[in-house]
Every structure is written in C-alpha cells, then in structure tokens.
Amino acid sequence: MKNFFKKIKPSTYLQLGLIAILFLFLVLPLIFMLFKVGGNDLNYVFNDENFYKAIGNSIIYSLAGSLITTILATIVAYYLSRLRIKGKKWIIILLTIPMLIPTISVGLGVRSLFGTSGFLDQLFGIKYDGLGFFDLILGSVNFSFPVAFLLIYDAFLYEDRSIYDASNTLGISRINSFFGITLPYLKTTLISAFFASFTLIFADYGLPMEVAGKVKTLPMYLYEEVLSSFNYGRGAVISLVLLLPALVAFIFDVINKDNGEGAARKENIKPSKTFTTIGLVVVILVAVILMIPQVSFIAISFVTRFPGDMTFTFNNYKDAFSPYSSVSIVKFLSNSLIISLLAGLFGTIVAYLTGYLSTRAKGKLAKPLHLLSIATLAVPGLVLGIGYVFLFNNTDGWFSGTIIILVVVNIIHYFSSPYLMAKNAFNKVDKNYETVADTLGISKISLFFKVMVPNTIETIMEMFSYLFINSMITISAVSFLATYSTQPLAVSITTYENQAIYEMESVVSTIILFINLIAKIGFDLLKEGIKKISKGKAEEKMELTRFQFQFLTYIEQNNMKVLTQRQIADGITLSLGTTNKLFNQFVEDDVIILHKNKKIELTEKGYKLLEPYKVRKAIIIAAGFGSRMVPVTLDTPKPLVKVNGVRIIDTLLDALYAKDIKNITIVVGYLKEQFQELLEKYPTLKFIENPIYNESNNISSMYVARDIIDRCYICEADLVVSNPEVITKYQYCSNYLGAHVSETDDWCFFKKHGYIDRVSIGGEDCWHMIGISYWNEKDSTKLREDIDKVYHSRGGKEKYWDNVPLTMCKKDFKIEVRECLKSDVTEIDNYSELVIIDPTYKNYKHK
Amino acid sequence: MEHLSKISVNNVNKKFNGQIVLEDISFDINQGEFVSILGSSGCGKTTLLKILIGIETCDSGSISKDGEEITNKKSSERGMGLVFQNYALFPNMNVWNNVAYALKAHHVPKEEIKTRVDEVLDIVGLTDFARKKPTKMSGGQQQRVAIARTLVMDPDIILFDEPMAALDADIRMSLRKELKDLQKKLNKTMIYVTHDQEEAFSMSDRIIVMNDSHIVQYDTPNNIYKHPANEFVKKFVVKHLDEKAKAIIDSTK
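Residue numbers (numbering that gives the first Met the number 0), protein chains in the order written: chain A, 0 to 846; chain B, 0 to 252.
It is possible that part of the hints are untrue.
Think about it this way: if two alpha-carbon atoms lie no more than 25 angstroms apart in a straight line, the pair counts; the simulated DMTMM-like pairs of lysine to aspartate or glutamate are [as the list claims (entries may be wrong)]: (1) A:LYS728 x A:ASP787; (2) A:LYS449 x B:GLU76; (3) B:LYS234 x A:ASP659; (4) B:LYS243 x A:GLU542; (5) B:LYS131 x A:GLU600; (6) B:LYS132 x A:GLU433; (7) A:LYS531 x A:ASP823; (8) A:LYS661 x A:GLU587; (9) A:LYS658 x B:ASP153; (10) A:LYS613 x A:GLU542; (11) A:LYS604 x B:ASP241; (12) B:LYS72 x B:GLU177; (13) A:LYS777 x A:ASP40; (14) A:LYS604 x B:ASP127; (15) A:LYS685 x A:ASP837; (16) B:LYS176 x A:GLU542; (17) B:LYS245 x A:GLU679.
The set of hints was computed from the structure by calculation and includes no laboratory data.
All chains should be modelled from the sequences, with the hints used to inform the complete structure.
Below, the structure is given as structure tokens:
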C-alpha cells in the first residue's frame, strides 16, 4: 500500500484557516479580557455600591421589558398567524421596523414623546417628571419586540391546531384553550423568546443612554467606568457579568434544539368575523404603537430646535449633508456605508465559505467549525468590543483605529445568522455534484464557482442584506473601537446626544432608517425578481386544460380502439359539443389520428403533451406497528398480513405495476426484514428505513423519504385495493382519494371552492379520506420543504404527515378530492374486522 | 491469455460498519462488452459500481484495466465515465455548457471544445437542444445530456447507475434500443447497474447476477435463462421473465 500517508485535503486547510480566524477574532479577545482582570479591578467593582445598583436596575427593567415583550409578541403572533387576510407580508415588515434602526434612536423617539417638553407635554400638557424605568421599559419593548415576535410567529405557523377542534366540541372557550393548550405547547419557544429579549435588553446601552435619566443600568455603568477613567480592567469585570444571561440563553437554546413537545391531532379553526375584527385591531394597534417613536424622531428631524423652536424646516438635512457645516454627517455616512458594504461583502464571503466547509467537506473539523460559528451568537457586542480593545491595543494605525477593525468586529458579531443561511442552502444542493466533478476531473474550486455559487445566489443576497443592515445600526460592538475619523453614522448619534442636539440625532436616525428600509425592500424585490426569472424559464411547458387532459387520458386508455365521439363524451362525462370541439382541434394539431377503420390513436405528440402529468413513482408508508391488529401483527407487519391468501400490500403493488408505476419506495420500520420477501415478486422495490417509527408519528416516515417526493403517489400500506383502477397512470393535479359519505366517525375532508378546506375526525356530508394521494411537481417541491420545516419545529415529530399539507401549511397547497367508491379501497381497521373478512384468523395464535 | 481483459476485478471485499456489503467479488469484462450488474435493492451492486469508478475504496482486493492496476487511482484518471440515476445535471447551465464544462475545466482550447461538444451532442441527438436548460427537458433527454457529458471526456468505459429507473416504460423501451445502438456505434465498454431483469436481458452481452453481497452467476442472458445457477436466479430472473412473457402473450391474444 503506497497510500500509507493520506494526503491532507485542501479543504482541511481551509477549515483550519476559518477556525483560526474565528479563534483569533472571537475566542482570543475573550481570553485576553479574562487575563486583564486584576485583583484591584475585582475589588473595586465588587465593592462599588453603584455596581450593585446598576445590576439591580438592569435586572428589574430587563425582566419587565422582556416579560411585556413576550406577552405582547405572543398575542400579536397568535392573531396574525390565525388571520386569513392578504398583505400579511407588509404587516410583518411594519412590525419589524425597529430592527432597522439603532436602539438609541428608539430611545430618542421615546424621550421626545414622554421627556420634559416632549410631544405629549407640548400637545396635551401631559407632564411626566424626568426619565426612568417607564421609558426604559417602553423603549426596550419596542426594540426587542421584532425578535420575539418572529420566533413566536414561526412556532405558531407550524403548530398543529387539530387539538382545538376537540376543545371546541367539548365546549371549552377560546380563552381557556389558549391557556390550556396553546401556552403549554409554546413553552420552549416562549422561554427562548423571553431569553432573547432579556439578553438584548440587558446588554443594550443605546436606549438607556437616551432615557435612563438617573436610573443607571449595567452597560451604562460599564461605559462610564471605561470612558471616564479609561480603566478597561474594570470594564472587563463588568463585561463578564454582561456575558452571563447571553450564555444562559445560548445553552438553553442548544439543549432545547430538538426537544419536541406537544401533541398532534387534527384541526381546524375557522376565524369568525368577530375574531378577525379583534385580531386586526390588535395587530394594527400594536404596529401603530411600535411606529410612534419612529414617527416621533422623524418629525423632530424637521424641527428648527427641539423643544424650543418647533417651526418646520429642511435646514437640518441641508446642514447634515453640507460638508462644511459643523454638524456635517457626510464623513460618518461614508464611513458607515463603507463599513457596512465591506462587512456585507467579506462577512458574506467568510460565512458562505464556512457554511460550505461545514456541510460539503467531510472531516473532523466540520463540527468544531460549526460550533464556533454559532457561538458568535452568545457574545454581546459590548463585550466583544472590550475584548478587541485588549487584544489589539498594540496594532495602532494598521488595524486598531482603522475602518478594518470595525468591519471585522461587525462580521464576527453578526456571524451566526448568515452562516446558518449558507449552511441550509448548501444542504439543499444535489449531493452528487462532487462525485460528478470527481469522475470528470473537475476541480472542487471550479465546481464551487461555476455550480454552487450560481445555485445559491438568493441566499448570498440574503446574507449580504442581513450583514449590511445590522452593520448600519450597531453601536455597542464598535463604540470602543471607533475613532473620530472612522466613526460610523450610528455612533455619531451618541456624539450629538452628548451635545444635546436632538434634531441632528433625529436626522441621523431617519437617514439610517431610510437607508435600511430601502436596502431591505430592495433586496427582497431583487430576490423575488431572480426567483421569478428562473421559475418562469422552467415553467415554459405547454399546459393542458382539464377537459383536454380528460380527453387525452381517455384516448390513451383506449388507444387504437374504435370509439365514437358519443362514447368519448360519456366516458369523460363531457357534453357532446365540447367533446366534438376537442376532437377536431386534436386531429388538426396531430395529437390524435383518426384511422380509416375508425380506430383512434394517440400520437407521439399526444404522449408528449401528457408527459408532464405522468405519475413518476409511489411512496408507501409501512413503518408502523399495527397495534389494533394484534395478535396477528406480533408476527407479521400489517401490510404483509394475508387476507384470503393475498398479502394486503400486494393489492396496491399490483395496481401500481399494472399501470407501469414501478419506481416504488417503501418506508419500513417495524419488522423491516420481512419486507425483503416482496422483492421476489416486485424486484424494483426500494426500501428506506425509518429508525424512529416507534417513537414518533408518521411524519418521520415522510421525513426519511422527503428527498424522493416528486410527482408521486403517497400511499398507506394497509389498504386493500379492490378496484385497481383507482391507480391511474396520469394525474392532472394534486389530490387525495376520497369517498363521499353522509356520515363518518373516521378522518374526512370538507371541500371549499373545489379544494380540500379542512380535515376532521368525524363529520356529516363529507369525503371519507383514503390514504392514497398524488403530488404534482409544484406541490412535491413544497411538500419536501414543508415536511422538513415542520419536522424540525418544536413537537414536529409528533405530527401526522397529512396534516402538514392539509392543515399546518395549508396555504401552500391546493388539493382536490379524487372521488371513488367506498368499496374501491377497504381498510381493515382491527383484528375483529379481519376475522369477519377472513375467518381463518379466528383462532390465530401468536408464535 | 486468450484476449486482453479490459477490466479485471480480483477478490474485492467491502464492509460498512462491520456489515459485509461485498464479499470476494471477482470478474472480468472484455473490451467493447455490454455487461449488466443485476440484483435487487441492497445486494451490493451500487457499492461495486462506486468502487469500480473510484469514488469508494475497497477494503481488500484489486481492480485493473488493460493489465494496469487502478485500485488506488483517482476517479478522473481511470478513463471511466459515470451516468447517475438522477443525472445530477447543473441547473444553471444550458445543455451545451453542461457538456462543455469539464473540457473548459481542463483548459482545452476553445476550437476543440466546440468541435467535441457539437460532435457528442450530434451523437446523442441533442443538437437542437444545445441552448436549452436541462430543467426544461424530459427525463429521457436529460439522460442523453448526462451521457453526452461523460462522452465528451472520451472514456474507455461508461458506467450507468440505474439510469432509467426514473423514466416511464414507453421511454425506457426506446431508450434501451438507443443505448444499445449507441454502444455499437461507439464500441465502448459499458457497465450497467440495474434491478430490472428485462432491461438487463434486452441489452447485455453478459449479466452479473448479484444477491446478498455475492455474485451468484455471470454469464450470457441465454445461458442464465437456460441454466440458472441456483434457486435464487431461477426465482428472481427466470420465473419473472416467464410471467412477463406470458402477460405479453395474453394481452395480444
């Protein structure tokens, strides 16, 4: 063996390089900070009465703020997720506007409302003596709301609402079911949201700077200690305290990552008119209240002198943009744009590369690289900034004190989100590309630039946009590192704050809001544009109308037979007139040929037209243990149980084979070895194992098979198919098989506008659900994504997969009911039914 | 030696996590031969293919080509091409660029790229589709793009990993003939992995029947049909083909 020494792959060097970068700019600064803590500093800080006061204040207002935020966010998310209205996207943009501005701007808005001679005072004479807790809490709720809201809203979207049906029928009121069901289900998410808000508020000093008044918070204490005495050792001690809540939150999130909880049954709530009205009022009210501070500072930016001279003027902007005025922001604006563009550019490159190397390059370094990348989430900006001061204080002129250090600190501070975006994108790219490249002798580098990058371009833009926007608003991470000549726009607000020039603070805040709003909407539109272009290209195929489809499939089934137009019309239940029109058109277009002997033939062109509607494959779910069929299923999995000499699953497999659907994958679990016997009769079968079939619901079977969902039937394995014609070769659209019943206590559908509107257990005048569904190309793609999303959501593993398209992600799908007779497909529900159908099982003994 | 073995596999073994996937696999394939590796899911055929092309290593044993050992050679240096089941075409490139990509990566002169790409597109009959994106094409057309992509590197041997599994029966039928004609035209050795008995029997010069990590029979279709080596071959191959033939006869009555 010559290959005794395996060559180290270039990707390993790259992984090492990135780990080194993250170590240098994330871990090392923190370590340095630890070592700089001297005994004197500890003594000083821990004996300082102000320190304890500050901690007390910080905890009180952070607790109050995050508690209110979490409650408010829960209420808004609850209503918004349940409302069925258009324009939700815009409401969400409104609700998340505080994410686009620095916290100090929020503070400015709050102060200009409630502070001495604020708007409320001037307009209504409402006086409020001085600033303090009230303003702190108000402002902190404003800026922490979007983060908590997005977290909780996401959880609500993927919650299984079926359980509310049960509570409705039991006569439990909506309020009671909210406290009894919704809250316990959301427990982990709510705690996460609470922690996230708490950390944000606790470590923030932009807001307190504006509104705290005499109530000193911990970050203010830190800031003042450092700036007044340049004592960075004391700063380090305080930083360590600041790091604590973030660490707790980070550990909580890592531990709870995959702990699903909550039970899944089926649904569904129809929002009543009253509910919709109340919901809209609540959501819009909150959105408007959240906007008030923003509107307030925008207003002040057009005022001559706040609060003394309230006349309208454009002069503030004129002065700001004049390079010669004393309040010129031109330099700061250009600093900010340069920093944000560079952080966006290089941050995207590094995070993208990190995502690539932690997903697509194997090796032992992938995991530590991943952990380091998400650890950036746990370090507050202020702490990172202080760490940089310690580590890089000897690099004056070429690193510290330059734009570069500000770019670096921004990239590291906001690293985890863009990294995760890249990682998710790379997980979705075809796993075979590297092998293709290997066999063709194409280098990994070439593959990266020519294939990976073009196929993930949307993600790259998202990453850039995220880094750009956040670099525009950050103060905490850069405040100790910026010099006068490198000062970014957001930090200049603090300068104007110290000089009490409120109009200029407002001007700067407004400009930042304006730039970020444009950036956000611009990137969104650009992304959608790219999506549309690539999609539009793919969807250029010719589409058939439903009548044309029915007509052609009927001809296909009766190819080369003598057919009159009357027979065709009856066969597809269309009027003779319509049939005649279709017939003539198709003959003219060479889609069908009418032979002299009256036989009708479907041409090559006809087959091509039907091609997009051809069923490609079938996925059969057979992992479960048929508990109601005990004792028979103790020895044999339910699908393999023979009924009158024939295995149950054979009825389905025969029907599929008869229509030449041979690409069949069976998801197996319980007694999986026994399924191998099927290969003898059906050699094309493929098996996928569901390793957790006994500790999860059937969504786990769809999850393991999700990658192969594509223009396929998805079937339950325990159906006795007595009419094989329920399986057809072509399908016009996504559908479930269903039999109309006047009453049932089983799973059933209700339709609205021709599509499935809801599923429930039991109902009258509805469609009995039969576990055979078809998914067209478009819906297959969505189903793959939605199954993945729901499965990874909290409690996702406990769901029925059918509820993903029918309930949880209903808005993504339009699914029809394909009618059949109840006798076409039989379900043998339990042992006693089996005995009735096949009496030989009467005295069945478990082996 | 009577004739030069194009490919020679000797005592190849492979385990995954202690589980035997391939045990003592040995066989020869002659130049220009079309050989199918036939077996049901999980018999080890795909792993064997991966070891042949060099994207998986074997625990022991050796593979040689034209008398030269290639067991440890890089995949791209083996002179073999691989057509994937899902084709793995690059969605951001049109057909022409999908085919030309490897040549560009090897810095082949522009003029030569043009000649070679046009030539293989002509061979697989896709000249008119050169500017189309693969996402807009049918399964059969995509497969031809995938074949063209390997052909352009002029491999001695082309391997297929169940390339028709995702296609319809009608298209499969015509593609079988197409592929067989193509093989005759090019006179290239082809190794075709499949679970489909008819497919293997209609195209192959010889068939390797695999079961449970072993080769159970390696012979011409005719000999396998007439003299199945054991009960498994009888059931899996002969009985299946008989039933199929009977069904066809019945339906034409």
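### Message
Need the list of violated hint numbers for this structure, in ascending order.
### Response
1, 4, 5, 7, 8, 9, 11, 12, 13, 15 and 16
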